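S.K.: Read off the chains here:
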Amino acid sequence: MMLLPLILAIHAGPADAELVARLQRRDPQALGELYDRYGRIAFSLILRVVRDAGIAEDLVQETFLRVWNRVQGFDAEKGAIGPWLLAVARNRAIDYLRSASGRERNAMEFEESDHPALYTDMEHDLLTSDRARRVKAAMQKLSPNYRQVVELVYLQGLSQTEMAERLGQPLGTVKTWVRAALKNLRDDMGVVVTA
Amino acid sequence: MNHEELRDQYDLYAIGLADEDAGAEIRAHLSRGCEECMLQMKHARELSALLSATPDAAAPSPKLRRRILASVGFEQRRFGWAPWLGLATALSLFGAFYFSMREHQVAENMLVLREQMRRQSIELTRMNEAFSILSGPETVVVGFGQGPKGKVYIDRTRGVLLIASNLPPAPAGKLYEMWTIPKGGKPVAAGLFQSESGGTAMHIQPGAVNPNLATVAVTLEDAGGALAPTSTPIIAASLQ
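Listed in order, the protein sequences are those of chains A and B.
Counting with this note's numbering, you get residues 521 to 715 for the letters of the first sequence.
Counting with this note's numbering, you get residues 396 to 635 for the letters of the second sequence.
Bound conformation, chain B alone (with noise of 0.2 Å):
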């Protein structure tokens, strides 16, 4: 084949596509230096560079050139997230501190301010029961000295009011005690109580009170109570 007959073959030799006859020709050329095969060479191969260029513009997501750049052994130092991620993990970390620490913080004072209002209910049933002795239209009042000073109001239906002062604070390991006594009875054991800083103090103890009541005393005892009395009265006040 001539040059002539060669000329449409290029172009598809450059990209392998000739046709079998005229590739072995074209390669035959080539192969003994042919300058006008090498030259039509080059501009079939500009050619299919060119038309390289023609396909409109897309974008490859950016990781590829991480992907290239790894697959020969090149790993990029990334910062991308990992300082944000850091910074969110810190920051939940300190939250989850701070509000852990808030909530133990709020907790043990819902747990005192429950206590307090405990012991303002306590507080105020109590008065509630003192006044509603106090005022009962069938309350005996009986009065007792010497040392502690006070009175004892009884209400046969209500229950009994002490009210005391000069009283000292019991010792360590020490309550008062107070008992009703029935006319030819045994003490019957009537709770608990410790005096106020001050010497004061007061007592209840409701409920119905036996109607052959003749005496309410105090003693000092044992903080685990008695079932009787075990130390002389400090105080005694008799109904009759």
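Isolated chain A (complex conformation) (with noise of 0.2 Å):
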């Protein structure tokens, strides 16, 4: 069950680059495409972040729109449109959860998702590689406090500094606790990340 995400968009690859090409043609079958690959992993991301199954379907609906909006500037040769896509709806729900608590929205958040050109050199299979279910894995694997930390920056937008007001903790204790949250992610993963 935790990894059907992922099993849904088994389809991604290359074959994204021509359904991108046929966004880019205006044809909206390809956008019926699109929503039949990564409509239901998009759908379960936003529904972690709202916790409200109506207001996600509109988010849902304005991801989608946004990416057909703004397909044009997505070099389907460079990238792959899955992990825009999900950026893209990650945001989406992150912005409403933010003015819904009166928070303000980042607008750093929105370039990095509205330019579809960031997403260039992504594998075109990263949603279905064995990383995706290692990062699951290595997600169970962390303490609480740090899985905490991770799910409260990735699937609430919070800051370091509204987590520590959230938590109850010093920011130091917070930043401490990202930062080691995320080298174990790397670490348990395998990834060299190169200072």
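Each statement offered as a hint is correct.
Taking lysine-lysine and the DSBU-like style, the derived pairs with C-alpha atoms no more than 30 Å apart in a straight line are: (1) Lys703/A <-> Lys437/B; (2) Lys598/A <-> Lys703/A; (3) Lys437/B <-> Lys695/A; (4) Lys569/B <-> Lys546/B; (5) Lys546/B <-> Lys578/B; (6) Lys656/A <-> Lys695/A; (7) Lys598/A <-> Lys437/B; (8) Lys695/A <-> Lys661/A; (9) Lys656/A <-> Lys703/A; (10) Lys544/B <-> Lys578/B; (11) Lys437/B <-> Lys661/A; (12) Lys581/B <-> Lys544/B; (13) Lys703/A <-> Lys661/A; (14) Lys656/A <-> Lys437/B.
Calculated from the structure, these hints are not laboratory results.
None of these values were measured; they are calculated from a predicted model.
Using the hints, build the complex out of the two chains.
M.R.: Encoded structure:
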């Protein structure tokens, strides 16, 4: 069950390039196929953030519309549309969460997801790769504090200062937890991060 | 800041949550094409994408796909329930028509049956009245002949019964009318009747009979009846 989103995205890969080309030709059927590939995983992600199925569906719709409107800037030969779509989905959800709780929107967040060119050089089958399974396993291995800060960062868009207030911990402690959690994740996944 | 100092910030920068100073530094590195920062940002974006795939699977409403396509002006042809609704409507209309016709037919049959029952009931009543007169111990029987033949049965308390044969059906617009004529008095109308196709007829005038009754006669009159005989009697049965 935990791996279902990844299985649903099983068709991601080289076929994405042809799909992107059709999206750029404004073929609505291509949008339907894009939804068939990434609709459930985008919904699962947004639902995890906003915790309301009705709102999640509205945000999924916004996500696909945004991708439809900005797909002209995406180079399918150099990148994968799936990670870009999920970044848009995540930011739609977090933007909603921040608006609902009176927090400020983060301009950088939007810059990242609104520019598909930033997702070049990313593996086409990233979401179906073994690394996707390993990151889930690595998340489960994290200590509760570390897992909590990762979720607060990635799934609720909290800054380190906001997390410190939320958790009632000193900012330094939270920064340490975030740093350690990300290091553990990367170590567990075998990703070498050079300084 | 050098790359070691920025190391923890790339992941946060990728999702827009880096410290302000670190974010500005990373932007500056990227804008001058720093290869190390480009590589770190690629890893950071990949981690962000991978973490986005970690929530448990959930299924949106089946309508969401259609909503999304409609929002870009693409309406899918939907068959769904439409044919079934159409079929159900057609069946309903056919059923309503069929049962309406059936109901109409049943209602007509009921009317016919009621009319038959009414006639049979009248006939049975007549037969009972005739039988009671025929079987009355005080009943007087008077025959008549010459043309129409038959008998008149008179029971002073129950009424007068006329049974005739050889009596041709009355012409169109005409009926036979029976009269009871008391001794020394005027004829009293005693009901209209028609003969059967075989020339037979039975007519009853129920009720008490005038004790001075002298003659029972039958004349041919207009269908509406007459207050007094207007033609020569066809039948005349005299009690004396």
